[in-house]
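Taken in order, these protein sequences are the chains called A and B. The numbers in full-length UniProt numbering rise by one with no breaks, and the one at position 41 of the first sequence is 41. The numbers in full-length UniProt numbering rise by one with no breaks, and the one at position 372 of the second sequence is 372.
Chain copies aren't distinguished; within one or between two, either way the pair holds.
Using 25 Å as the maximum straight-line C-alpha spacing, the simulated DSS-like pairs for lysine-lysine come out as follows:
(1) Lys95 - Lys106
(2) Lys209 - Lys190
(3) Lys106 - Lys190
(4) Lys293 - Lys261
(5) Lys304 - Lys279
(6) Lys304 - Lys190
(7) Lys50 - Lys40
(8) Lys40 - Lys66
The set of hints was computed from the structure by calculation and includes no laboratory data.
Now for the letters of each chain:
Protein chains: 2
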Amino acid sequence: MSTVLEQFQLTRSASSSLAMASGETRNAVLSDIATLIHEKSADILRENQKDLDQLAIDHPMRDRLKLTQERLSDLAESVISVMQLPDPAGQVLSKKTLPNGLELSKITVPLGVVGVIFESRPNVTIDVAALCIRSGNAAVLRGGSDAIHTNTILVHLIHQALVQNGISTDVVYLMPTDRELVTALLTAVKFIDVIIPRGSEALIQRVRKESLVPTIETGAGVCHTYVAANAEISMAVDIVVNAKVSRPAVCNSLDTIVLHKSIASAFLTQLVAPFTSYKVKVYADNTSHPLLKSLNYPFLEVAKEADFGREFLDFACSIKVVDDFQEALSHISTYSSRHSEAIVTSDEVEANYFLSAVDAAAVYWNASTRFTDGGEFGLGAEIGISTQKLHARGPFALEKLVTEKWIGIGQGQIR
Amino acid sequence: MSTVLEQFQLTRSASSSLAMASGETRNAVLSDIATLIHEKSADILRENQKDLDQLAIDHPMRDRLKLTQERLSDLAESVISVMQLPDPAGQVLSKKTLPNGLELSKITVPLGVVGVIFESRPNVTIDVAALCIRSGNAAVLRGGSDAIHTNTILVHLIHQALVQNGISTDVVYLMPTDRELVTALLTAVKFIDVIIPRGSEALIQRVRKESLVPTIETGAGVCHTYVAANAEISMAVDIVVNAKVSRPAVCNSLDTIVLHKSIASAFLTQLVAPFTSYKVKVYADNTSHPLLKSLNYPFLEVAKEADFGREFLDFACSIKVVDDFQEALSHISTYSSRHSEAIVTSDEVEANYFLSAVDAAAVYWNASTRFTDGGEFGLGAEIGISTQKLHARGPFALEKLVTEKWIGIGQGQIR
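Model the full structure from these sequences, guided by the hints.
As structure tokens, then:
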């Protein structure tokens, strides 16, 4: 563990050289990373194969772990796209002269050292390093052991790009994957400024419990879509189907349909065909279950209490029928993970009340919850979707990898 | 404990009514609080006397705890001043139409429920409640047991003002002072959105260690002033004396003078008279000790390693003499608590390098570190000075009692 702490200290020390490097230098590093990904693609794929060889041929993680020539091109492309985003550091947020003549300004500066704990996807290594370097932050990366060969060569290339531009390789540190070293990271308050866990709920819980370093939680998304009494039914069906099936394993996908009783029968009648074609398993409440049963819906279950507030991450969802708008709001307030929530309605007053009253990172009127995403929002690549309220809420992208600094310039002012 | 959790839940539920109340209504509550402080001053002073009666007549805490007619007037005045600050919620941070027609905006909204743990000063009760109500946040207050009678009547008046304006009294909850209930607060992730500890280093450590709720650390200030080779000596003496003696018990007061060797003798020669008059105990390093000894400085000690990075909170400081600018930066980087740091110099290049390289909430050139304060910065009353980097850095005032919310308005957009 002492070696790891020593390396954290080196990363802390080196971080200021990166913070003070020019935007051009930092972008030159990114450009070199993209070039090296192309040039060394054969080496990367060879190392990636070593990781794949450790997994059974039908292991579900293989696809997330596997790199191909095409995926490497996409990865290099995403590094280039980060170069084109505005530098979030060095922005002047306010500037004024106090009555005593002190010139006071507030500017954005890099956070310092960002720790990211993530699981097997090796593209995270490049994405996080690119975002951190672009914004002048040093990074401590703790990837999954399944991807260790791939991550090692990727960080080797990042180091090469740093050296080519005269910046210490200490600014990007790939930690060993020993489980107990995660604790060293979570308690290194002197060296690490923020920790971002990317991964399972269990990981996020561990970080929340153990970390002494401030964290950004990128938590689970338990997302509702409320189909109101005045919803246009075909629009509601399109939105619900899209929110559920376009990518069910991601955090902004639909988990529960909240349905006004007056529209329930008509809505479900139209939902049956598309949901059947995607084989969506439906955990239906007491009211919707008999309706779906009478429509001969083939993938039907009785909802239990645990099926509300449940993140399905699969072709599955629950349905809750409510008597009125207030019951819908109350259900969402109780079970929401405050990620993304939507209402489908033609009633503007009701919609505006929903947008105001529902406490979530993103709220939608007549649109799919699937839009909550850094790329969709025009923010570029994201480190995760924050479901907490401090510092960043929703997509945690480049623009949030900064803190503030107050600068006072005087001529001898005292208080 | 179950009662406390039930009350947290009531506070959570009530918080949205406050968040959705108009700015006029929230300000009417504040106005009524100010009026009630005046009208009920005799009752408040009587309850305050009960708390004072629990303390020995020479107890150092008496002064912090004691209210007077004049202090109550100041308190009512500070509530009125919060009314005049702009509402931090409801600001549109960005607004755009995505290529698919989705109208996407990012607005500020209240954090929700803010938990504040503080020690004996009863003015905090009113200040925090006023800031929270103004910004649409519910508040859970956990004050010190020494001030329980005073806090109880103050919260009673706040409740009266809420009732007069049709808002549930649940939005301001004064917790019982049992120590174990602090744990209930720190782990109530479902009900509390942020916790702010105000008080001793021990309290802040406990919160950092135990809290599952995101926190804003308002930590200790270990503040340096670097007197550079090219400093104007009389200015440097004025700044150092002000930073040390104007209010030594607060976090932005000076703890260590870092002194360039070439100017050490001349600077100390001028420092001796004012420091002697304030009886400032000086913990001097190997170089400055003989100099001060030869100047017959009467309050002299030999600095130990522990005297660097030490927050004195008294008429005392340490002195470190350095060979060059880099050694000064390195000393500050090692021992700073990243609160407030200053350089005194006539060299603009060196000053700008210092302002950029030193990692602290506030950095000053030719000014006293004592300026780091919400009121001085024009932000109004503050809940504390944040020494962490997420969300708020430096004075944590009204403007930071908000989070963001993304709002997407569509016409059936799917992804």
